[in-house]
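Trainee: So the chains spell out like this:
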Amino acid sequence: MVTIAAFLIIILLSVALIPFVNVQWKGMITVTAVIMVAVLSSIIAFGVLSGTNYEYLFRGSLATGRIAVRIDALSGLFILIINFTFITGAFYGLQYMKAYRTQKSNLTLHCISFILVQASLIGICALQNSIAFLTAWEIMALSSFILIIFEHNKRETLNAGINFLVQSHICILLQTLAFIWVALKMNSYDFNAIAIFSASGSLLTGVALFLCFFAGFAIKAGFVPFHTWLPYAHPVAPAHISGIMSGVIIKIGIYGILRMVLLIRNDYLLVGYVILFISIVSGIYGVMLAIVQHNLKKLLAYHSIENIGIIGIGIGLGCIGIGKGNSVLTFLGFAGALLHTLNHSLFKSLLFYGAGNVNQSIHTMDIEKLGGLGKLMPQTSFLFLLASLAICGLPPFNGFVSEFLIYNGMFTGLPGSDKVLLTWIVSGLFGLALIGGLAMLCFTKAFGCVFLGTARHQFSHTPREAAFGKLVPMYAIAALITAIGLFPKIFINALSRPVALFTHINVDAYFAPGKLPAGNAISMIGICAAGFMLLVGLIYFIRNKVVVNRPVEFNTTWGCGYVAPTVKMQYTASSFIRAYRKLAEPVLSIHRKKKEIKDVFPKGGELETHPYDKMEEMFIDYPLHLLKAFFNRFTFLQNGNLQFYILYGVVFITLALSVPFAFEYIKTLINFLNKL
Amino acid sequence: MISFILIVLASLFFTGIINRTKSITSGRKGPGIFQPMKDIVRLLKKGSVYSKTTSIIFQIAPSIYFASIIMAIMVIPLGEYKGIISFEGDFVFFAYILGVGKFFMIISALDTGSSFEGMGASREALFSMFAEPAFFILMGSFALLTGHTSFQEIFASMHFGPYISYILGVLATFVLAMITMIENSRIPIDDPKTHLELTMVHEVMILDNSGFDLGMILYATNLKFAMYGALIANLFMGSFPLYLTIPFFFGIQILFAIAVGLLESFTARFRMNHNAQYILALSSVSLLIFLGVLVILGQLN
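Sequences listed follow chains R and S, in order. Under my numbering, the final residue of the first sequence carries the number 676; numbering is consecutive throughout. Under my numbering, the final residue of the second sequence carries the number 301; numbering is consecutive throughout.
A few of these clues could be false.
DSSO-like, lysine-lysine: derived pairs with alpha carbons at most 27 Å apart [said to hold, decoys possible]:
id: 1; chain 1: S; residue 1: K46; chain 2: R; residue 2: K545
id: 2; chain 1: R; residue 1: K375; chain 2: S; residue 2: K52
id: 3; chain 1: S; residue 1: K38; chain 2: R; residue 2: K545
id: 4; chain 1: S; residue 1: K22; chain 2: S; residue 2: K193
id: 5; chain 1: R; residue 1: K603; chain 2: R; residue 2: K369
id: 6; chain 1: R; residue 1: K568; chain 2: S; residue 2: K52
id: 7; chain 1: R; residue 1: K595; chain 2: R; residue 2: K614
id: 8; chain 1: R; residue 1: K369; chain 2: R; residue 2: K594
id: 9; chain 1: R; residue 1: K154; chain 2: R; residue 2: K614
id: 10; chain 1: R; residue 1: K568; chain 2: R; residue 2: K545
id: 11; chain 1: R; residue 1: K598; chain 2: R; residue 2: K568
id: 12; chain 1: S; residue 1: K52; chain 2: R; residue 2: K369
id: 13; chain 1: S; residue 1: K45; chain 2: R; residue 2: K545
id: 14; chain 1: R; residue 1: K369; chain 2: R; residue 2: K593
id: 15; chain 1: S; residue 1: K193; chain 2: S; residue 2: K29
id: 16; chain 1: R; residue 1: K369; chain 2: R; residue 2: K98
id: 17; chain 1: R; residue 1: K568; chain 2: R; residue 2: K375
id: 18; chain 1: R; residue 1: K154; chain 2: R; residue 2: K369
id: 19; chain 1: R; residue 1: K582; chain 2: R; residue 2: K614
id: 20; chain 1: R; residue 1: K545; chain 2: S; residue 2: K52
id: 21; chain 1: S; residue 1: K46; chain 2: S; residue 2: K193
Since the hints were derived computationally from the structure, they do not count as laboratory data.
The whole structure should be built from the sequences, with the hints applied where relevant.
Mentor: In structure tokens form, the structure reads like this:
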């Protein structure tokens, strides 16, 4: 109780204080509030992860019923992930926002929303009462909308923000529907009612309820085809907001799905197949589109969809494991998914902060215009490279550990399965391997074209390395990324308690030596990662020792003997992925404008490509187009004639008055509907 | 440990044998089988020329590439003798550690700011990415067949049944051999002897490397050949005693090298823009192996 009170007081106090202080202090108060909230909630979360669950019941009101604050291991883990990302985000944002010091009122709103988003995210993890949960969710949706539209004087920012707002509310609508369904039947808003309801009903009810929740949470998480808001919202938000959004706000969707897996008893096998299918599609589709993007932040946004796909593959495998009663598969699937959730929040926020550094020093995100920043911004480029390797799932970093767990889950799930499951696992293997390969293509493009070679256009001023204050939170994230890569066992052990909720195996069993599934392999990949780093160091050291006295010459890049290469002769990002684009064109929707070179004296040839989202075309644009066409048929009603409008009024009143005459018919209709 | 030493030994003459086979089939006498190694040693003794556009990435990438291949070789077993590193799912580590090396070679090619090297890098990234699913489905099939998930356990417990097993072994050899050709950029994917930059894949990526770095990259290619040769050898080596295993190992390595030489002599290279489809189709051969495993396990009734 004291903690919750302190939590609320800090938030209210800081929100009340921010409007009345000057610009420097706004940022300081935000950072302080974020840290204090983080410390308070992390203390509980650490306690929960070491085995003491937290529960507090508020009396609530007549409308809500009792409001339960329950923090179990799953909530605890997500609270820790949220807090870490928000602390680094706050420190990074403090420096990033220095460029906007003149926009005082705008900053006030930004700071307040920042604190509210963190608080509401923690609230979502802790609250187990439908109405309180939805309220927290709504606060989160609205305040992240305000965070996204910080640069609201730009048209595209507003468009993206409104798109986000609409889709967020569809997500809330679906959740509300599902919650109402349970509340109607059980007459209680507590989450435990969901468990009782699904346990008493048939399996099919459970599946339907789960899928309703899943669709709602999938919009937030960004599963294909519910992903369309994501690539708009990420590029227009300030860098630290993009990092937080990709790092934790979309992960709250994953939290919701996992929570519902725990609460709703259903046909886990069927649900597992559904999640696995959607996830494989999301993973491959996300990265396929990421490769063709020319805007660095948009590329990263599509990569979030890919990584949500990988997390989903883990969840799907875990559900199949529950359905089959295979506790090793369950452990590896959910452990992989949870670890990847943590990992993705780390490397994706690092990548977005890196992109933010580039953006603030060059003021463009167009990959085709960048290049050669490695020499001018060495620290940013080093951190970006590290995160790129991690996101491709390459050892010795953290991405490899979680992908390894999921792979291991699939390989251990293979023996002794039936035909159907085998087919699914093999398609999962195919998907995950393809995702890994495509991610490598994508990030060699992103890193190579932004940081290596020479600049592809004339910068208005020389780009400079980002300020020290921006680099510190980035180094903190990089340190954690490396730590997970080198000491995976510690982190998997920390995950045992949340995973044990799904496996229903006593947690202490996992801590006994040799009992952790794939425990030996997990400690081995840590050792191998360290060994690899040492080996690279050793070989590089020997090389440097050997070549130290050799003659070294610096000359122009080889160009078949041509010695005056220009910047324009460099390979561009589009040409780097041209072969891929040709292959993927049937699946993607790329608008091209081409002017061929014809005459003997060629002039003015050009090629423009605009990648667009085919799923968005199919699932959003086309239905909207049909809807518009349908409503256009009624435009004759609005013809501007006053007489007609009066006529409409008269018709309406007549209809309203005739209701009593048709009362009996309406009653039978309602009775009929009720019977359905 | 024993497999590591054997692979290093095999790498000393592997490319030599390929070159010798190619010379003999084209009616030449050809250089000795240790000539490629002599060339590499000569390169290791030389100084370097660096492009002015390059950064530290260009200088460190060859070392990382070399280290990644050494690390991958450590995973490979010899029959029932474990590699230096062995754990459940070690082939995932094998594939991903090779990926690290590739990642750095690709970005080091982009570091030179050359149009040729970008072209090579683009092709290398695309081709090797499509080869990945084939490898994973292949290993998945073996994991299903044997019930184990590490190289050593899979190879040690792979007992072939009467008829279908031979087809499986042959198909797996085909897949691994094709992956070798893709990874090493040889015919039918790429022609290392081509003289036009526009038609190269791997060669064009390392146009700007010289001296010690180039020596390391070339030796890494030899190691890679011997490494995949060892994988193929493992497919057929049961649990023989050591005095039989070692000659068997070298026999298969030499046979594989001659086969590669013959393949390079008598086939033409594929059209560059059809390569990707072809490589992705390799996954379907892996799927055939998977189906074969299903048949053996009686899952298809």
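Trainee: None of the hints should be skipped; say for each whether it holds.
Mentor: Status of the hints after comparison with the structure:
Distance check on the hinted pair: K46(S) and K545(R) sit about 14 Å apart at the alpha-carbon level, within 27 Å; holds. For the given pair, K375(R) sits about 12 Å from K52(S) by alpha-carbon distance, which is consistent with the 27 Å threshold. Using a Cα cut-off of 27 Å, the hinted pair K38(S) and K545(R) holds, with the two alpha carbons roughly 22 Å apart. Proposed proximity of K22(S) and K193(S) is supported: the alpha carbons are some 11 Å apart, at most 27 Å.
With a C-alpha separation of about 22 Å, the suggested pairing of K603(R) with K369(R) holds against the 27 Å cut-off. With a C-alpha separation of about 16 Å, the suggested pairing of K568(R) with K52(S) holds against the 27 Å cut-off. Restraint check: the Cα-Cα separation between K595(R) and K614(R) comes to about 24 Å, which is no more than 27 Å; the hinted pair holds. A distance of roughly 20 Å separates the Cα atoms of K369(R) and K594(R); the hinted pair therefore holds under the 27 Å criterion.
A distance of roughly 26 Å separates the Cα atoms of K154(R) and K614(R); the hinted pair therefore holds under the 27 Å criterion. The suggested pairing of K568(R) with K545(R) is violated, with an alpha-carbon distance near 37 Å, which exceeds 27 Å. For the given pair, K598(R) sits about 21 Å from K568(R) by alpha-carbon distance, which is consistent with the 27 Å threshold. In summary, the hint linking K52(S) to K369(R) is supported, as the alpha carbons are separated by about 20 Å, within the 27 Å threshold.
A threshold of 27 Å between alpha carbons decides the hint, and for K45(S) with K545(R) the separation of about 13 Å falls inside it, so the pair holds. Only pairs whose Cα atoms come within 27 Å are accepted, and K369(R) paired with K593(R) is accepted, the gap being roughly 19 Å. Distance hint between K193(S) and K29(S) is fulfilled; the C-alpha atoms sit about 18 Å from each other, no more than 27 Å. Of the supplied pair hints, the one linking K369(R) and K98(R) holds, its CA atoms being roughly 25 Å apart against a limit of 27 Å.
The straight-line distance between the Cα atoms of K568(R) and K375(R) is roughly 19 Å, inside the 27 Å bound, and the hint therefore holds. Taking the CA atoms of K154(R) and K369(R), the gap is about 21 Å. The hint holds against a cut of 27 Å. Straight-line distance between C-alpha atoms of K582(R) and K614(R) comes to about 16 Å, which keeps the hinted pair within the 27 Å bound. As the CA atoms of K545(R) and K52(S) are separated by approximately 22 Å, the hinted pair is consistent with the 27 Å bound.
A distance of roughly 23 Å separates the Cα atoms of K46(S) and K193(S); the hinted pair therefore holds under the 27 Å criterion.
In summary, the one numbered hint that this structure violates is 10.
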